[in-house]
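Using the sequences and the hints, build the whole thing.
So you can see what is in the structure, the chains are spelled out below.
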Amino acid sequence: MIQIKNIKKSYGKKQVLKNLTLEAEAGQIIGILGENGSGKSTLLSILAGLQRPDSGYFTIDGKDLLKNSKLRNELVAYVPQENPLIQELTAQDNLRMWYDKETLKKELDKGVLRMLGINQFLNTPVRYMSGGMKKRLTIACAMNSNPKLMLLDEPTAAVDLVCREDIYNYFEQFRSHGGTLIISTHEVQEIELCDQCYILKDGSLKEYKYDGDIPHLIGRL
Amino acid sequence: MKYFKSYFVIQLKRIKKLLPGIALMILALGVLLGTGAYAVIKDGSYMADQKRYTLGYVGEADNSLLRSGIFLLENEDSSRDMVELKQYDAEEDAKKALRKGDISAYILITDEFMGQIDSLSNGSKLQYYATSGQKGITSVMMDEIAAVAGNVIVYTEKGILSLDQVMEDKEFSDQERILQMTDFFNEYVKAIMARDSMVQIQTVGMSDGLSTPAYYFTTLTLFLLMMIPFCGIWIFLGERDAVARFMAAKGLGPTPQVLAEMLAFYLLNLFGLILVTALLALSESIFKYNLGELIKQEGLSVYMLPLIFLLPCLVFSTMGFFLLDAIQGVVNKVLVTFIIDIFMAYVSGFFYPRVFFPKAVQFGSNFLPSGAALTMLANKQMGARVFEPSFMLWAYSIIFILMTILVRKARVKY
Numbered sequence: 001m002i003q004i005k006n007i008k009k010s011y012g013k014k015q016v017l018k019n020l021t022l023e024a025e026a027g028q029i030i031g032i033l034g035e036n037g038s039g040k041s042t043l044l045s046i047l048a049g050l051q052r053p054d055s056g057y058f059t060i061d062g063k064d065l066l067k068n069s070k071l072r073n074e075l076v077a078y079v080p081q082e083n084p085l086i087q088e089l090t091a092q093d094n095l096r097m098w099y100d101k102e103t104l105k106k107e108l109d110k111g112v113l114r115m116l117g118i119n120q121f122l123n124t125p126v127r128y129m130s131g132g133m134k135k136r137l138t139i140a141c142a143m144n145s146n147p148k149l150m151l152l153d154e155p156t157a158a159v160d161l162v163c164r165e166d167i168y169n170y171f172e173q174f175r176s177h178g179g180t181l182i183i184s185t186h187e188v189q190e191i192e193l194c195d196q197c198y199i200l201k202d203g204s205l206k207e208y209k210y211d212g213d214i215p216h217l218i219g220r221l
Numbered sequence: 001m002k003y004f005k006s007y008f009v010i011q012l013k014r015i016k017k018l019l020p021g022i023a024l025m026i027l028a029l030g031v032l033l034g035t036g037a038y039a040v041i042k043d044g045s046y047m048a049d050q051k052r053y054t055l056g057y058v059g060e061a062d063n064s065l066l067r068s069g070i071f072l073l074e075n076e077d078s079s080r081d082m083v084e085l086k087q088y089d090a091e092e093d094a095k096k097a098l099r100k101g102d103i104s105a106y107i108l109i110t111d112e113f114m115g116q117i118d119s120l121s122n123g124s125k126l127q128y129y130a131t132s133g134q135k136g137i138t139s140v141m142m143d144e145i146a147a148v149a150g151n152v153i154v155y156t157e158k159g160i161l162s163l164d165q166v167m168e169d170k171e172f173s174d175q176e177r178i179l180q181m182t183d184f185f186n187e188y189v190k191a192i193m194a195r196d197s198m199v200q201i202q203t204v205g206m207s208d209g210l211s212t213p214a215y216y217f218t219t220l221t222l223f224l225l226m227m228i229p230f231c232g233i234w235i236f237l238g239e240r241d242a243v244a245r246f247m248a249a250k251g252l253g254p255t256p257q258v259l260a261e262m263l264a265f266y267l268l269n270l271f272g273l274i275l276v277t278a279l280l281a282l283s284e285s286i287f288k289y290n291l292g293e294l295i296k297q298e299g300l301s302v303y304m305l306p307l308i309f310l311l312p313c314l315v316f317s318t319m320g321f322f323l324l325d326a327i328q329g330v331v332n333k334v335l336v337t338f339i340i341d342i343f344m345a346y347v348s349g350f351f352y353p354r355v356f357f358p359k360a361v362q363f364g365s366n367f368l369p370s371g372a373a374l375t376m377l378a379n380k381q382m383g384a385r386v387f388e389p390s391f392m393l394w395a396y397s398i399i400f401i402l403m404t405i406l407v408r409k410a411r412v413k414y
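These protein sequences, in sequence, are chains A and B. Heads up, the first sequence is in my numbering, so the first residue is 1 and it goes up one at a time. Heads up, the second sequence is in my numbering, so the first residue is 1 and it goes up one at a time.
Hint data in this document are derived by calculation from the structure and do not stem from the laboratory. Glycine residues also receive a C-beta, built at the ideal position from the N, C-alpha and C atoms. Wrong hints could be hidden among the right ones.
Some chain A residues near chain B, calculated using beta-carbon distances under 7 Å [unchecked claim]: (1) Leu50; (2) Asn73; (3) Tyr78; (4) Glu82; (5) Asn83; (6) Pro84; (7) Ile86; (8) Gln87; (9) Glu88; (10) Leu89; (11) Met97.
Dropping the structure here:
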């Protein structure tokens, strides 16, 4: 059970998040929608531990992750929108930062790395990879600690359709093993994937049931 | 700190990938600066460079006293190593030459001044003109000119008047007195002007107590160390903010990130220093010279250089890292860092001895990382105290590391 309660965050006089509250069960995919600058990335940064909220709580199974950064690093995986990989190095070199030799081999044989299709480009330098390869590799790097929650900031922006499909399949696998996903997105395909959607507007979250009516959604943003 | 070692290894791997390009740049820079330094030191052209000020004088060329005075200044006085004299008939011509930069300054020797010398009085002053940008040079020149003019006029006058008095008391004839006094005057002026023959003048140093070759060698090596971080500019390209944020989210915070990156970068800079040392050792064996003898530092071996320059290498690599990391955009990184480096090198006397700068600039340069590095190395070579400049270099290194961490923290947040 993931609980985010009364999160507040201000930049100077501007209050970006006001008493933001959200709950998610294990195995759920939560979509956060909102205009650019509405605070989606700020919320994910706080949950990932990159920023401190002014007040509020963030717990997984009752464990306070705002106070226990070590536990947070284990339980929460963060996949940023930009490419966080070391450009000059190969996929294997990047993975070796997070996986020891044995685990890497095991995961490539029948684990998360195989599921993400990393074997296909293991020795390719990041600078020669497509957007989809980079995103899959980023997810692979983020998942080394078997987290319970995955935070994704616009995960399939600039990713081709085949790679998107691979990534969505992996999300389904992750949730089927009891993992929870919080996705900040603008993509209809991803919204359809979500069990619950929220619109972040004026610093607060409002639940939104998407029924395929895009003009209605745009009106709500 | 769980991932510190892995991240450090990743940085070394990055550097290894980029090394061929970086090494080529370092070598090119080393060859360029080394060739320049070797040419200057080996053929002794710096000796000619010492005579770098051309001083114009405006006065009547047919005045015998002025002619003999100028002849003595050009041939006998110790200032001849530093000052070249050029005669102008009209002040306007001297002014034009000054504006064009052909001369560093000019002296207006008026008829009134010459008349007063003829009549053995010194009520009139020489008029000295220099451009406002030459404040540092002006002070050196004025001291020299004042000393020469003071010696000639004041002491000569006193001596001759004393002789005249003695001869008058002894009841010599006017004709005899004029004859003796003229001879005495010529001998006296010659003796005063030829100060080199009265005392043994030894050049103890061009600046900071170092011999000219040692000075050039030290400053050019320091300049090379300042430039080596540039050769590694590729390390600072790409989506570094995204990497920093991702690492922080995985538990590797800004502080260990910066420490791992800086340590790897320092090793790269040390590699650059070792590469240049190897290049020097190679050139020693090919061109059959000895570095210690060449720069007049007995007992100095080329293989000692990495050890000698270890601390300056640290301060320049942390400074270079801070600038290249903190400044956004490739063009900005190159431009701003280059301008800062060149400014610091210039003010610290890397291109031109700092003794020629105004006192305030000289004083201020001691507190720059480049100035402190030069002071430390100069003091070390002279066997003087190195604690203060070494402490300053350590302090600067720590400050640059802390500032980089602060910048990284801000980047991870936003």
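Hints and how they fare:
With its C-beta approaching chain B no nearer than about 6 Å, leucine 50 of chain A sits inside the 7 Å limit, and its interface hint holds. The interface hint given for asparagine 73 of chain A is met, as the beta carbon of that residue sits about 4 Å from the closest beta carbon of chain B, less than 7 Å. Look at tyrosine 78 of chain A: its Cβ gets to within about 4 Å of chain B, closer than 7 Å, so that hint holds up. At a threshold of 7 Å, the smallest CB-CB gap from glutamate 82 of chain A to chain B is about 4 Å, leaving the interface hint in force.
Residue-level restraint check for asparagine 83 of chain A holds (minimum Cβ-Cβ distance to chain B is 5 Å; threshold 7 Å). This hint holds: proline 84 of chain A has a C-beta 3 Å from the nearest C-beta of chain B, less than the 7 Å allowed. Using the Cβ-Cβ criterion of 7 Å, the hint placing isoleucine 86 of chain A at the interface with chain B is satisfied: the shortest such distance is roughly 6 Å. The beta carbon of glutamine 87 of chain A comes within 5 Å of a beta carbon in chain B, closer than 7 Å, and the hint placing it at the interface holds.
At its closest, the beta carbon of glutamate 88 of chain A sits 4 Å from a beta carbon of chain B; the interface hint therefore holds under the 7 Å criterion. Annotation: interface hint on leucine 89 of chain A holds; nearest CB of chain B at approximately 6 Å, less than 7 Å. Satisfaction of the interface hint for methionine 97 of chain A is found here, the shortest Cβ-Cβ separation to chain B being roughly 5 Å, below the 7 Å cut-off.
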